[in-house]
Amino acid sequence: GENVEQHPSTLSVQEGDSAVIKCTYSDSASNYFPWYKQELGKGPQLIIDIRSNVGEKKDQRIAVTLNKTAKHFSLHITETQPEDSAVYFCAASRTGTYKYIFGTGTRLKVLA
Amino acid sequence: SQTIHQWPATLVQPVGSPLSLECTVEGTSNPNLYWYRQAAGRGLQLLFYSVGIGQISSEVPQNLSASRPQDRQFILSSKKLLLSDSGFYLCAWGLSYEQYFGPGTRLTVT
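Going down the list, the protein sequences come from chains A and B.
Heads up: the first sequence begins at 1044 in the numbering used here, then just goes up one per residue.
Heads up: the second sequence begins at 268 in the numbering used here, then just goes up one per residue.
FYI, nobody ran anything at the bench for these hints, they're computed from the structure.
Treat the hints with care, as some may be off.
Said to hold, decoys possible - Some but not every residue of chain B turned toward chain A, in silico, with C-beta under 10 Å:
| # | residue |
| --- | --- |
| 1 | I320 |
| 2 | I323 |
| 3 | S324 |
| 4 | Q329 |
| 5 | D338 |
| 6 | D352 |
To be verified - So these bits of chain B aren't anywhere near chain A, every CB distance computed over 10 Å:
| # | residue |
| --- | --- |
| 7 | P275 |
| 8 | G283 |
| 9 | P285 |
| 10 | S296 |
| 11 | N299 |
| 12 | R309 |
| 13 | L313 |
| 14 | E326 |
| 15 | I342 |
| 16 | L350 |
| 17 | G361 |
| 18 | E365 |
| 19 | Q366 |
| 20 | G371 |
| 21 | T377 |
Here a beta-carbon is modelled for each residue, glycine too, at the ideal position from N, C-alpha and C.
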């Protein structure tokens, strides 16, 4: 079946450094890729997304890149801050289905 | 703007007791609605989704059920809880590609 692999499972960075989380999907028909941030005890928050007709999208310190040929997409966080510490999930879906295939999550720790 | 509510926020229930979790969405019409479960430190498991009133699709066969009595109301139920039903239950809504999650209900079955 379809799956999404996410790496790394944990990531520690110094405040001010950049963080990169990578996901690889198996369903070549996937065309929508959201990223969620989940803080402890809270629901996941949609932070950025990208569709398959776009190669890169940026929103302030956060960017997502998509390589359709290799079937992978990445989340880039620049100038990390302690409040960026959370678990990040990637997901993939395709037209005609309402279901997401989620990655297994990355626990990001930003060290002050 | 749209808002999603879930209640209760936390719940402790004995094994064998019934369950009813409620989710409501404000500020939109005819949303797609979803129920997910998240075990401690784990990913998100889709349980049910609904594209309209009375239309429920089940992803995982288990002792849980879902209903959508109104356009913006989604209910998760069980007649008899199991220990394995413990977890963080999340409701989500969306109109097309996006899904927006609620604050969640933490259920502990004792």
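Against the structure, the hints:
Given the 10 Å rule on beta carbons, the hint for I320/B is violated: about 16 Å separates it from the nearest Cβ of chain A. Interface hint at I323/B: violated, since its Cβ lies 12 Å from the closest Cβ of chain A, which is beyond the 10 Å cut-off. Annotation: interface hint on S324/B holds; nearest CB of chain A at approximately 8 Å, less than 10 Å. Because the smallest distance between the Cβ of Q329/B and any Cβ of chain A comes to about 17 Å, over 10 Å, the interface hint for this residue is violated.
Below 10 Å, beta-carbon pairs count as interface contacts, and D338/B has none with chain A, the closest being about 16 Å; its hint is therefore violated. Interface hint status for D352/B: violated, as the beta-carbon distance to the closest one in chain A is roughly 19 Å, over 10 Å. For P275/B, the shortest C-beta to C-beta distance to chain A comes to about 14 Å, beyond the 10 Å cut-off, and the non-interface label holds. With a cut of 10 Å on Cβ distances, G283/B stays outside the contact zone with chain A, its closest approach being about 27 Å.
Against the 10 Å criterion, P285/B stays outside the reach of chain A, whose nearest CB is about 24 Å from its own CB. Against the 10 Å criterion, S296/B stays outside the reach of chain A, whose nearest CB is about 17 Å from its own CB. The beta carbon of N299/B is not kept farther than 10 Å from every beta carbon of chain A, the shortest such distance being approximately 6 Å. Residue placement check: R309/B does not keep its beta carbon more than 10 Å from all beta carbons of chain A (closest about 8 Å).
At the 10 Å boundary, the C-beta of L313/B falls inside the reach of chain A, the nearest C-beta of that chain being 6 Å off. A Cβ of chain A approaches the Cβ of E326/B within 10 Å, the least distance being about 8 Å, so the stated non-interface status is violated. A cut-off of 10 Å between C-beta atoms confirms that I342/B is not in contact with chain A; the least separation is 18 Å. Against the 10 Å criterion, L350/B stays outside the reach of chain A, whose nearest CB is about 21 Å from its own CB.
Residue placement check: G361/B does not keep its beta carbon more than 10 Å from all beta carbons of chain A (closest about 8 Å). Listed as a non-interface residue, E365/B fails to keep its Cβ farther than 10 Å from every Cβ of chain A; the least gap is roughly 6 Å. With a least CB separation of 7 Å from chain A, Q366/B falls inside the 10 Å interface cut-off, contrary to its annotation. Remark: the non-interface label on G371/B conflicts with the geometry, its nearest Cβ contact in chain A lying 5 Å away (cut-off 10 Å).
The beta carbon of T377/B is kept farther than 10 Å from every beta carbon of chain A, the shortest such distance being approximately 20 Å.
Against the hints set out earlier in the document, violations occur for numbers 1, 2, 4, 5, 6, 11, 12, 13, 14, 17, 18, 19, 20.
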